[in-house]
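Residue numbers (the working numbering), protein chains in the order written: chain A, 1 to 380; chain B, 1 to 380; chain C, 1 to 401; chain D, 1 to 401.
Among the hints, erroneous ones may be present.
Within a straight-line C-alpha distance of at most 20 Å, the following computed SDA-like cross-link-like pairs (lysine to any residue) qualify [said to hold, decoys possible]: (1) B:Lys266 / C:Lys318; (2) A:Lys266 / D:Asp401; (3) A:Lys14 / D:Gly398; (4) D:Lys187 / B:Val273; (5) C:Lys394 / A:Asp346; (6) C:Lys209 / A:Asp346; (7) D:Lys187 / B:Asp34; (8) D:Lys304 / A:Lys266; (9) A:Lys266 / D:Gly398; (10) C:Lys318 / B:Asp8; (11) D:Lys318 / A:Ser277; (12) C:Lys304 / B:Met1; (13) D:Lys318 / A:Glu10; (14) D:Lys187 / D:Glu138; (15) C:Lys304 / B:Ala308; (16) C:Lys318 / B:Ser277; (17) C:Lys394 / B:Pro274; (18) C:Lys394 / B:Ser277; (19) C:Lys209 / A:Gln2; (20) B:Lys266 / C:Ile391; (21) C:Lys304 / B:Lys266; (22) D:Lys209 / B:Asp349; (23) D:Lys214 / B:Gln2; (24) D:Lys186 / B:Met1; (25) D:Lys214 / B:Asp34; (26) B:Lys266 / D:Ala139; (27) D:Lys209 / B:Pro274; (28) D:Lys214 / B:Glu269; (29) C:Lys318 / B:Met1.
Computed far set for chain D versus chain B, every beta-carbon distance over 12 Å [said to hold, decoys possible]: (30) Arg24; (31) Ser135; (32) Trp240; (33) Phe361.
Since the hints were made in silico from the structure, they are not lab data. All C-beta atoms in this analysis are idealised placements derived from N, C-alpha and C, irrespective of residue type, glycine included.
So you can see what is in the structure, the chains are spelled out below.
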Amino acid sequence: MQLVLSEDQELLAKTVADFAAEHSPLARFRALRDDADPIGFSKALWREMAELGWVGIPIPEAHGGAELGLAELCVVLEPLGRCLAPEPFLSTVLLGAAALVRGGTEQQQAAWLPRVAAGEAFLALAHQEPRSRYDLQRIETRAERDGDGWRISGEKIQVLDGIVADALIVAARTSGDAADAAGITLFLVPADAGGLEVERQHRVDERGAALVTLAGVAVDAAAIVGAEGQGARLLQGVVDAATVGLCAEMLGSMQECFDRTLAYLKAREQFGVPIGSFQALKHRAAEIYIQIELARSCVMAAARAVDAGDDEAPRLVSLTKARCSDAAILVTNEGVQMHGGIGMTDEHDIGFFLKRARAAAQTFGDADFHRARWAGLGGY
Amino acid sequence: MQLVLSEDQELLAKTVADFAAEHSPLARFRALRDDADPIGFSKALWREMAELGWVGIPIPEAHGGAELGLAELCVVLEPLGRCLAPEPFLSTVLLGAAALVRGGTEQQQAAWLPRVAAGEAFLALAHQEPRSRYDLQRIETRAERDGDGWRISGEKIQVLDGIVADALIVAARTSGDAADAAGITLFLVPADAGGLEVERQHRVDERGAALVTLAGVAVDAAAIVGAEGQGARLLQGVVDAATVGLCAEMLGSMQECFDRTLAYLKAREQFGVPIGSFQALKHRAAEIYIQIELARSCVMAAARAVDAGDDEAPRLVSLTKARCSDAAILVTNEGVQMHGGIGMTDEHDIGFFLKRARAAAQTFGDADFHRARWAGLGGY
Amino acid sequence: MAELEAFRAEAAEWLDANAPQAIRSLRLHAELGGNWGGRHPLWEAPEMETWLRVCADKGWTAPTWPGEYGGGDLSNAEAKVLEQERKRLQLPEPLTGFGLSMIGPTLLRFGSEAQKQEHLPKIVRGEIRWCQGYSEPEAGSDLASLQARAERDGDDFLINGTKVWTSYGDLSDWIFALVRTNSAVKKQAGISFILIDMETPGVSVRPIKLISGKSPFCEAHFENVRVPLANVLGEIDGGWTVAKALLGHERSMIADVFGAGGGARGRRATLAEQAREVLGGTPGEPLPDALLRDRIAQNEMDMKAFHLTLQRSRDAAKAGQQPGSESSIFKVWATEANQRRTELAMQIAGPQALGWEGAGFDEAELDCTRAWLRARGNSIEGGTSEVQLNIIAKHVLGLPD
Amino acid sequence: MAELEAFRAEAAEWLDANAPQAIRSLRLHAELGGNWGGRHPLWEAPEMETWLRVCADKGWTAPTWPGEYGGGDLSNAEAKVLEQERKRLQLPEPLTGFGLSMIGPTLLRFGSEAQKQEHLPKIVRGEIRWCQGYSEPEAGSDLASLQARAERDGDDFLINGTKVWTSYGDLSDWIFALVRTNSAVKKQAGISFILIDMETPGVSVRPIKLISGKSPFCEAHFENVRVPLANVLGEIDGGWTVAKALLGHERSMIADVFGAGGGARGRRATLAEQAREVLGGTPGEPLPDALLRDRIAQNEMDMKAFHLTLQRSRDAAKAGQQPGSESSIFKVWATEANQRRTELAMQIAGPQALGWEGAGFDEAELDCTRAWLRARGNSIEGGTSEVQLNIIAKHVLGLPD
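Assemble the whole structure, with the sequences as input and the hints as a guide.
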């Protein structure tokens, strides 16, 4: 494992950064919010990203993708994190498409992956429930056999970009009790299935999320993604990889928040000197810098470990999420504090980073959760 | 409850401070260590303190004491903490005598308390065991009935000033299993009892402590302090009050460590200016100041609550010990760091505070332990 | 003491006789929080207007102020008794606001006779609502670097500039503001404390939205606003002295608010209650998450230690001792402990803490999110934590510049 | 590549043929830690002397140094292969110390031909043990404010002053030191880098005891010590340039040491192992104390993130990229993570962490206490954490003075 970007990756990073600067300044994010955009992102921009090949990065070449790794996806996500681009990489690519790539039948893959890669179809993963907190195995939604098929009933929350999804991958229990690992099955459910209701949730970070209610939604046997009752492992693998992608985005966001704060420290004067000349602020800035550098190393290592199918990957994922969660909160808290009063106003952009940082920190498990997981995987 | 010193208390504080300045500068502590003094403190000075009435503060007037409260004892202990005076207040007065005051028979009290108040007798409490950590109820030492009396066998560790004690108050189990609250009984055991062995332990803070081995030590029925099997509650009450006394001493130590550090910050120059002009150090000094002020309020409140027999006392004790433990470690770590290289040398005094702070922090339960106790007492 | 007890009986009787039935045990609205008065008053309940009027007639909206300005002429001890009786009878305050708490006492101390005659009775009667104009967009912690300027024009000043963080500026009638009247002298000198009627042409006010949503804060612009010289409180160019007196007052108010657990705290569950609800477990037994349990205990203990320190400070004052330096820690500690509390509440709420509005989040969860965002400002407003630490380092610890 | 593989075979064969049997898999003593050579050498085992001699004869104590100074004339790639083979065969280093790691490379870069001829062969053969004289009692972090002075006296300098934190000064033969040779110019100018034989009259050395007990550190006094002008390395008054080159080297060495988990770490239990032993519970299951478990995980993760950052830095260098600024964080982070580790070990040990020596504490417990105290110095020695943060703020982040 080499913790360095290849020349191709460097080039990709630069392309994405240039694209983001041109098409997705922070003002775009603000406008989407202020206009109360119904889906919260731009489908047109998404198609452009797809045309540039980014959406298809983890999708096999046979299905129209680039068949590259999580490492490349992270290279794309970091600059997008810098500008808080709300396009649905996490939901459609890292959760939805990834579940099909890892566990989907040839038929499911052929039906969805080319359309996803082309930026034409959206997917979402509906796994979280009111009582699940961060536990992937705490699933109460039930799928009961109904002839050759199944009927699914339950309630899902915070389904990322669920409002635009053309199909949802729903985690349901086909056997066992609420917290059992065994008995979880993933189903591919078209958004227009009868009994499926999707309602938008409004989050503090303005990202698209939805409440999903399944009232006896009927699907046939071919809707199963992966093996019946064996969904926990697949779900964990998908969420682990998505977590690293989220961390890459967080890394971009915290780097941008810090860059803006540094610029402010240099420009803003108080008592006749730049506030960045105050040693207490300098030392705090240096501490932030350290945290970001450490987070960067973790993101790179975790992405490569996941790509390599390394045994250490789950621990590195938890390492990375714990660090990025803590670092993002530190960096953005300090960002607001160092901006002073203006940082508290809605019209200043720095607060967007604070909101996104907290939302990301509390997605896929917070730092406590991942430290506990690290310890558990370490046998203590 | 008034969180303010009375005029009498103010006067007492000043008397003790003057006495400490004259008779117990830090150089005395260093000399006791360097000379490998066998008991680690001065019996002559102890008698002087007794003559001044400090040793007898919590002892009833009927037994030659002043019959004052923990609040007054704290007033004495704080200045003694400033100069790290190693005299056995904690062991003889706060643990040993307090157990007799709270639970002793008239005969026990009459036999021991006047001599303690006069500075002539020393007591110790032997409760801690190799497996007890901070749990007062985890007692494996057993007392078995033997005719009208008892035979006690077991092993005690870190018995404070055990080496000089004329009698030990030994917590033993007369029934129940290792962690049970019921079945603990306290026994007053003369130091010359057959089968009792006391060996000095050398601690990082140079305070007197001993390993105590009891091999079938025979005592008669009149040796029981308090009621048979009901010792847990008595022990808890004694240790709670002693904890507050320890905190008062810690408060003095941390205040002194901070005062010395502040003086160093003002005097020491680097890059042509006093290092205390560097804002990062200033802010850290201000944070330390805050912690000490908060600790001071807690010590005062806890002492008064214990004196008043307030229901809130146990929570205030834990509040105080948790804060003082954390604050003492912070203050002394920063003390060494801010002194730089010289602070790491044995010939500089600041390191003594670091060592004592850690030892005190890990006596009678560390901060984690007391936060958990606070939560438990709060019903969560 | 007997006299005081006689007064207690008298006060209780009067309150009971005069308070309209409808306002007794009235639960104050979060947004209004009492009678603020003013030219365009907002009433919690129609009877609150009556309540204000009867109290003002008796001078009991400002019980300790001199009767000649409409006050109640009570001693501090009597005023305290009156307050106790009012609370005992569960009656709301007849009047609240910056007139009573800030500019009124300042007028009493620094105002000319004419100024007192003009303003104090209107404050007592709740006819004029006041706001504060100190901060400026470019000044921040360096308050004395303010740029709003007043230029002399005959018997008037012409005022130009912008004030920010003016609480309830959009609902207020008059503003007390700091303006630069002399730029030839060094910063703190050359500032005047001036009273401005906000209906004067050239004054405009715009609410400020915060990251937590709407807020009481406003930005006030002054464009050639004409104000008589006579509206200066204290000396011309001597406003810094007046302002400092007021600022110390503001900071201790902020600490008091957090000391009391935050304005709206009373209606919120404690962290332990919130955690029990979210995490479950057996009531009375340790919470199932030992980490959160430890942090909740830490935060409760932070608050408790703070309250004990407040008490120590007050007890020392009561005992006639010199005020100790411990009061310098109140603002920074209380606000940061509150920030930790709201962040902890977010962590306890977990995925449910991420709501902004609408479906899928209950009121307590949404409140948790907003409170967290709002609390970020606590360590900035009213003197940043950095400024507080500087003050401690310099004035308490004597560390050199 | 084929050539390198041929060298590997050759090196392995030579090592295997020449290494005395007794030193294979020799467990190095904690105090000595290898062959340090010098006039009064201390040997881990008698055969270590043979081992040093045969390696020095071949130039393989300093494999990459030029053959003319006694070195091995190997390329960096070959030296790496040699190192790999040595480790594979579990052979100890034939020679270690500041001669090889610090002054040798500096002599190669800055030394005159005569200086190289004089000193390098003796270093290669382990005949002279070197120590460093940089810090002074009054200088601290402000290294350039040093006061040890060298005054010209004919062809000699007369040196007066004191150096502290001189590791192994009591066991060393020569010292490389910074002395002020010109006080008329500003601080960094006017300093010279000079080589001093410690047997010269006027040199005295006293060990420094630390709060953790005895230490390798010494204080070296110089009283009218006569040193030839020719012993200056680099230009007279130009010693700062030489020193800076060496300092950077020292800091990365410190980071490497902590990066590898601290010198003696290999023999210690991990925190998790320690906690399992002290706290019990079922092996493989979560530790019974969730708070300690969380902090142990945090510390392991701190160390892991640090190692990954070290690797990132090295991988970038290998890939031919410019060294990134991330290396600036190594010293401060590694030392402070180590402090947190030792404090955590204290907390885990609980009441058993309070021992200094003797009865009632086992070796691991006493080691825990000493390691904690010793680690407090990590954030001071080799550039304090404060200085490291200043460097990051200024040179990496570009924040103004």
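Results for each hint:
| no. | hint | verdict |
| --- | --- | --- |
| 1 | B:Lys266 / C:Lys318 | violated, 34 Å |
| 2 | A:Lys266 / D:Asp401 | holds, 10 Å |
| 3 | A:Lys14 / D:Gly398 | violated, 23 Å |
| 4 | D:Lys187 / B:Val273 | holds, 15 Å |
| 5 | C:Lys394 / A:Asp346 | violated, 34 Å |
| 6 | C:Lys209 / A:Asp346 | holds, 5 Å |
| 7 | D:Lys187 / B:Asp34 | violated, 41 Å |
| 8 | D:Lys304 / A:Lys266 | violated, 33 Å |
| 9 | A:Lys266 / D:Gly398 | holds, 9 Å |
| 10 | C:Lys318 / B:Asp8 | holds, 17 Å |
| 11 | D:Lys318 / A:Ser277 | violated, 36 Å |
| 12 | C:Lys304 / B:Met1 | holds, 15 Å |
| 13 | D:Lys318 / A:Glu10 | holds, 16 Å |
| 14 | D:Lys187 / D:Glu138 | holds, 14 Å |
| 15 | C:Lys304 / B:Ala308 | holds, 19 Å |
| 16 | C:Lys318 / B:Ser277 | violated, 36 Å |
| 17 | C:Lys394 / B:Pro274 | holds, 13 Å |
| 18 | C:Lys394 / B:Ser277 | holds, 9 Å |
| 19 | C:Lys209 / A:Gln2 | violated, 47 Å |
| 20 | B:Lys266 / C:Ile391 | holds, 16 Å |
| 21 | C:Lys304 / B:Lys266 | violated, 33 Å |
| 22 | D:Lys209 / B:Asp349 | holds, 13 Å |
| 23 | D:Lys214 / B:Gln2 | violated, 49 Å |
| 24 | D:Lys186 / B:Met1 | violated, 62 Å |
| 25 | D:Lys214 / B:Asp34 | holds, 14 Å |
| 26 | B:Lys266 / D:Ala139 | holds, 16 Å |
| 27 | D:Lys209 / B:Pro274 | violated, 27 Å |
| 28 | D:Lys214 / B:Glu269 | violated, 28 Å |
| 29 | C:Lys318 / B:Met1 | holds, 13 Å |
| 30 | Arg24 | holds, 38 Å |
| 31 | Ser135 | violated, 7 Å |
| 32 | Trp240 | holds, 15 Å |
| 33 | Phe361 | violated, 7 Å |
In this structure, the hints that do not hold are numbers 1, 3, 5, 7, 8, 11, 16, 19, 21, 23, 24, 27, 28, 31 and 33, in rising order.
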